[in-house]
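Chemist: Spelled out from the first residue to the last, the chains are:
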Amino acid sequence: MKAKNQRLVLLVLAVAAVLGAVLLAMSALKEQAAYFYAPADVARQGPPQDRNVRIGGMVRKGSVRRAPDGVTIDFLVGDDSPHLIPVRFKGIVPDLFREESGVVAEGRFQAGGLFVADEILAKHDENYMPPQLDVKTGEHKSESLK
Amino acid sequence: MHIFANPARFLKIARPLTPWLGWSGGLLIVAALAVGLFASPADYLQGESVRILYVHVPAAWLGMGGWTGLAIASFMQLVWRHPLAAVAARAIAVPGAAFTAICLITGALWGKPTWGTYWQWDARLTSMLILLFLYIAFIALDDAERERGGEGRITAIFGLVGAVNIPIIHYSVEYWNTLHQGQSISFLRGSSSIDASMLWPLLASALGFTLLFGAVVLMRMRAALARQKVEARLRRM
Numbered sequence: 001m002k003a004k005n006q007r008l009v010l011l012v013l014a015v016a017a018v019l020g021a022v023l024l025a026m027s028a029l030k031e032q033a034a035y036f037y038a039p040a041d042v043a044r045q046g047p048p049q050d051r052n053v054r055i056g057g058m059v060r061k062g063s064v065r066r067a068p069d070g071v072t073i074d075f076l077v078g079d080d081s082p083h084l085i086p087v088r089f090k091g092i093v094p095d096l097f098r099e100e101s102g103v104v105a106e107g108r109f110q111a112g113g114l115f116v117a118d119e120i121l122a123k124h125d126e127n128y129m130p131p132q133l134d135v136k137t138g139e140h141k142s143e144s145l146k
Numbered sequence: 001m002h003i004f005a006n007p008a009r010f011l012k013i014a015r016p017l018t019p020w021l022g023w024s025g026g027l028l029i030v031a032a033l034a035v036g037l038f039a040s041p042a043d044y045l046q047g048e049s050v051r052i053l054y055v056h057v058p059a060a061w062l063g064m065g066g067w068t069g070l071a072i073a074s075f076m077q078l079v080w081r082h083p084l085a086a087v088a089a090r091a092i093a094v095p096g097a098a099f100t101a102i103c104l105i106t107g108a109l110w111g112k113p114t115w116g117t118y119w120q121w122d123a124r125l126t127s128m129l130i131l132l133f134l135y136i137a138f139i140a141l142d143d144a145e146r147e148r149g150g151e152g153r154i155t156a157i158f159g160l161v162g163a164v165n166i167p168i169i170h171y172s173v174e175y176w177n178t179l180h181q182g183q184s185i186s187f188l189r190g191s192s193s194i195d196a197s198m199l200w201p202l203l204a205s206a207l208g209f210t211l212l213f214g215a216v217v218l219m220r221m222r223a224a225l226a227r228q229k230v231e232a233r234l235r236r237m
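In the order they appear, the protein sequences are chains A and B.
The opening residue of the first sequence carries number 1 in UniProt numbering; numbering runs sequentially from there.
The opening residue of the second sequence carries number 1 in UniProt numbering; numbering runs sequentially from there.
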């Protein structure tokens, strides 16, 4: 075999080995490197107690309740599974926080299953469109953001 | 590719190609950003901040595409010992790092009004930051090895191994739960969840930045070849 071809074979094998190692590492990190737990994950593993975690999902339609003090809100986070997580948060939510939209909450589970969040982040989806085409809601939502 | 391995033949093509790429890229960027920043509609949810997309997405693609090119050049350098391959990889590193940094900065600026935070350690953001560190390490390693008078083989191996981060960045939003949204445009399936009125300025801007990237790489390669020539002449004196 010519030296050139030998290097080619050797290098292709080396790249394949490194790729294989990365795939193994990624599958091992599947749980640990997740940015948040979905309600289905929480239902499967049980709510992680005594430590700060992030949960994420969709704000259930019609579930947002504002407390009389004006700064505390309660809502339900769901996903494709039938499980729901009740969340309580005291503070200012991002502009894009709304019902039927993605949300990530950082905080702690209480003994009763209530999730008390210290921080709320809005998760954006992969859809980009002008307000006129927002047939789902039929209103110009971007106006309210100005 | 073997035809262009000859530096003299490469220069004959690169010299007239550089201004063409640079000017057409520059004009396309100005036109695309004018449409993107003023004529295209605001997003139904994000409002005006969606316009950062026209810089952020091309920068992200070029940061990742840059390392892909750098890895291919490193591979060719290691296997076929092309004299131009090392020059090309070195020329890509600096603009690649610059676009990766632009992607991270514009992403942070978009994240504050949209997510409510400049930075979070989710898989997409972290792997993109690692790409920036890889670029910086590549440049430092390359400088160190050239100072030592080496052929740049260690740098090439590093460029090749670093390429594993590219599929990780790409699939991070599908494989892990991330704060960053999933992919909107799939070139493989030819589908997009971005409305046409925003997609066209985005693709035009991406093409413009790509042409400019090409011009910068050619300029840097020509400068590197000129420097090699000068150094060779000085040695003969």
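Quick caveat, the hints were computed from the structure, so don't treat them as lab data.
Keep in mind that this is a model prediction, so the values were computed, not measured.
Treat the hints with care, since some could be wrong.
Computed cross-link-like contacts, DMTMM-like style, restricted to lysine to aspartate or glutamate with a CA-CA straight-line distance of at most 25 Å [claimed, not checked]: (1) A:LYS4 / B:GLU151; (2) B:LYS112 / A:ASP50; (3) B:LYS229 / B:GLU145.
According to the in silico footprint, chain B covers these stretches of chain A (three or more CB under 8 Å from chain B) [claimed, not checked]: (4) 3-12; (5) 15-23; (6) 26-35; (7) 68-81; (8) 121-127.
Backbone N, C-alpha and C define an ideal beta-carbon position, used for all residues, glycine too.
Chemist: Hint by hint, say whether it matches the structure.
Modeler: Okay, the hints, checked on the actual structure:
1. A:LYS4 / B:GLU151: holds, 17 Å
2. B:LYS112 / A:ASP50: Status violated; Cα separation ~29 Å.
3. B:LYS229 / B:GLU145: holds, 19 Å
4. 3-12: This one holds; 4 residues, not fewer than the three required, reach chain B with a Cβ under 8 Å.
5. 15-23: holds (count 4)
6. 26-35: Per the Cβ count (5), the hint holds.
7. 68-81: violated (count 0)
8. 121-127: holds (count 7)
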